[in-house]
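Enquirer: Taken in order, these protein sequences are the chains called A and B. Under my numbering, the first sequence has 133 at position 133, and the numbering climbs by one with no breaks. Under my numbering, the second sequence has 256 at position 256, and the numbering climbs by one with no breaks.
There are no misleading hints in this set.
A few chain B residues that face chain A, going by a derived Cβ cut-off under 8 Å, partial list only:
{"id": "1", "residue": "Asp-107"}
{"id": "2", "residue": "Val-116"}
{"id": "3", "residue": "Ile-250"}
Footprint (simulated), chain A over chain B, 3 or more residues, beta carbon under 8 Å:
{"id": "4", "segment": "238-248"}
{"id": "5", "segment": "285-293"}
{"id": "6", "segment": "301-309"}
Hints in this document: simulated from the structure, not taken from any laboratory. None of these values were measured; they are calculated from a predicted model. Here a beta-carbon is modelled for each residue, glycine too, at the ideal position from N, C-alpha and C.
Letter by letter, the chains look like this.
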Amino acid sequence: MNTLVPAIGFGIVTASILAVAGVGFTLQFGVTNILNLAYGDTMTAAAFVAYLVTRAGISVWLALVAGAAFGAVFSVLLNRGIYTPFVRHGTRLFGMIIVTIAISLILQNGLLAGFGANFFSLTMARPSSVHIAGMVFTTVQLAIIAIAVVAMLLIHVLLRYTKLGKAMRATATDPELARNCGIATDRVIDLAWAISGALCGLAGVILVMNVTAFTDTTGSQFLIPIVAVAVLGGIGQPYGAMLGALVIGIASELAAAIISPDYKDVVAFVILVIVLLARPQGILSEIATRKEVAA
Amino acid sequence: MSVAWQFYISTVLIYLGVDVIACWGLNLQFGVAGLVNFAYIIFQAAGAYTASVLTLGPAKPARLGGFQQYIGGAHWPFPLPILAAGLVGGLLAAVVGGFAIRRLRSDYEAMVMLVVSLIATSVATNQVGLVNGPNGLALVPKPLATLVNLSPIGYQWLFAGLTVVVAASVYWLVHVVTSSPLGRTLRAVRDNEQAAAALGKNVTGLRMLAFVLGGVIAGVSGAILVEFISAWSPGSWLYPETFVYFTAVIVGGSGNNFGVMVGALLVPVAFLEATRFVPQFGPPGLIDALQWIIVGVLALVFLWFWPRGVIPERRRRFPAAGEAGVRRSLLRMGSGR
Chain A
1 MNTLVPAIGF GIVTASILAV AGVGFTLQFG VTNILNLAYG DTMTAAAFVA
51 YLVTRAGISV WLALVAGAAF GAVFSVLLNR GIYTPFVRHG TRLFGMIIVT
101 IAISLILQNG LLAGFGANFF SLTMARPSSV HIAGMVFTTV QLAIIAIAVV
151 AMLLIHVLLR YTKLGKAMRA TATDPELARN CGIATDRVID LAWAISGALC
201 GLAGVILVMN VTAFTDTTGS QFLIPIVAVA VLGGIGQPYG AMLGALVIGI
251 ASELAAAIIS PDYKDVVAFV ILVIVLLARP QGILSEIATR KEVAA
Chain B
1 MSVAWQFYIS TVLIYLGVDV IACWGLNLQF GVAGLVNFAY IIFQAAGAYT
51 ASVLTLGPAK PARLGGFQQY IGGAHWPFPL PILAAGLVGG LLAAVVGGFA
101 IRRLRSDYEA MVMLVVSLIA TSVATNQVGL VNGPNGLALV PKPLATLVNL
151 SPIGYQWLFA GLTVVVAASV YWLVHVVTSS PLGRTLRAVR DNEQAAAALG
201 KNVTGLRMLA FVLGGVIAGV SGAILVEFIS AWSPGSWLYP ETFVYFTAVI
251 VGGSGNNFGV MVGALLVPVA FLEATRFVPQ FGPPGLIDAL QWIIVGVLAL
301 VFLWFWPRGV IPERRRRFPA AGEAGVRRSL LRMGSGR
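Given only the sequences and the hints, what does the whole structure look like? Please build it.
Expert: The structure is reproduced here in structure tokens:
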């Protein structure tokens with residue numbers, strides 16, 4: 001019991017980061033149907049942007065904004081410059097996997113070549129710790145939870161109460177029908193990449209705020225739990241991803257406390273494999289099956 | 001030819017052999033049967049671990065000077081560890097294929113396999129008693145080294161010859177499979193699963209067969225590799241290595257055994273192995289990073305310009321039998337029989 005309550009606390013922090021990253025991932029995947037395996041490396045790149053900003057003596061809060069802005073711009077450019085041209089060129093599902101892995105490797109090793117194989121950390125004020133109901137949080141972790149909650153509320157408002165959100169949901173469900181209804185799907189897709197990219201950048205920065213040191217592989221190591229969150233929640237379902245983040249975040253921290261910290265990620269791996277294999281209709285959901293392309 | 005050159009050439013030849021064998025196995029799964037196995041490298045790893053453990057002998061406890069722990073150590077004579085590696089690769093493929101080969105979109109299938117690869121790395125790293133954890137196995141004895149009395153360079157050529165023999169046997173196997181009716185059926189399953197199933201083909205069984213055969217071949221390639229480099233650890237088989245083999249198959253010409261051999265020559269050997277002998281420049285790790293960037297760019301360039309590879313799969317036509325058959329049946333219909 002003594003180890004479980006603090007583990008739940010860690011779980012909530014992990015879940016917050018996963019929620020931001022997972023909602024961004026699922027939004028983009030749902031709208032564009034591209035499984036972007038370079039997502040984790042985009043997070044790392046945003047973390048490095050934040051690193052450069054804090055090293056220039058600017059506060060970590062502005063670094064968060066810079067990271068999110070970088071993520072948004074980079075993702076839109078990545079889609080416009082590489083992914084969409086490949087899709088128009090006739091590259092199918094498997095080919096797109098190769099394309100996104102290639103981008104992931106190029107990005108990760110580009111960062112490695114540029115920054116070197118070192119450990120990096122954001123410069124910020126030493127946080128104090130706060131005890132809440134047997135769980136210990138640092139002030140940074142409380143800030144991360146708050147950022148995640150605010151981001152999720154904003155996404156909720158965007159999807160439910162704005163025209164753009166409606167257009168996005170329509171494009172995710174049936175792009176052709178959406179286009180026929182007069183929705184500028186190309187612009188919606190651009191905006192989906194931008195919003196997803198902003199969440200991705202934000203997640204990258206809060207991820208490295210929560211660890212003592214990060215490297216060029218920090219983001220890509222976080223990719224599979226993110227995909228697990230998106231798949232568990234149902235691809236293209238932001239609310240599902242929020243729930244998935246809570247389940248996987250807490251489950252992996254509990255596994256770390258009960259079994260061994262080495263197997264923290266394995267929980268997410270196993271959940272992902274089981275969901276993919278046992279309930280493909282659940283993941284493919286109505287959205288993905290309708291858009292299904294022959295492999 | 002100076003001894004240094006002979007070492008260089010025989011070493012590259014052995015790496016080429018290993019990569020060509022591995023690419024043929026992957027081509028059987030992906031190019032011929034259309035299976036997106038992003039865990040391919042774990043079957044090579046399983047073969048390598050099997051061959052190591054079966055030549056290292058029983059693990060010694062630390063108090064007797066043993067420095068690595070593993071299960072099932074034995075001193076098997078030369079060809080047996082390699083054959084056992086193929087067997088284990090095939091068995092592992094049967095297990096993984098048993099739960100992972102489903103009718104999934106190929107990007108989801110790739111995802112499942114990627115995760116299987118990560119789980120395998122995690123288990124091999126964290127279960128130290130299994131295959132010595134993150135440090136891996138080292139000092140694997142070279143096959144026949146104690147039996148033949150050769151100079152180091154003579155042994156290099158012996159090993160290169162051995163690799164060529166194994167590669168030739170594997171080529172024979174994949175050639176028999178791809179040029180037989182079985183190969184035709186596998187391609188039919190790849191190109192149109194529903195149509196193949198409608199013609200009464202056991203689609204799942206056929207995909208499983210290709211998956212297991214690919215696993216056997218990957219296991220053998222791992223055995224040859226580890227007997228040559230005599231060390232193997234989780235760092236040798238991280239999932240991006242599978243990406244290198246996929247790039248090789250795509251660059252060479254997926255579905256074409258000869259093209260895949262050319263791809264294996266161009267990608268893993270030219271970019272990853274041969275550059276090991278290039279003088280280092282920049283900070284440590286820079287060359288590795290640049291190699292990965294080059295492999296990534298190469299994959300993108302080929303998918304854009306030559307998605308079918310340098311030597312594309314030959315378009316197979318069956319005009320004589322088909323047209324004659326159709327004409328005959330039309331005639332039969334015409335004559336009212």
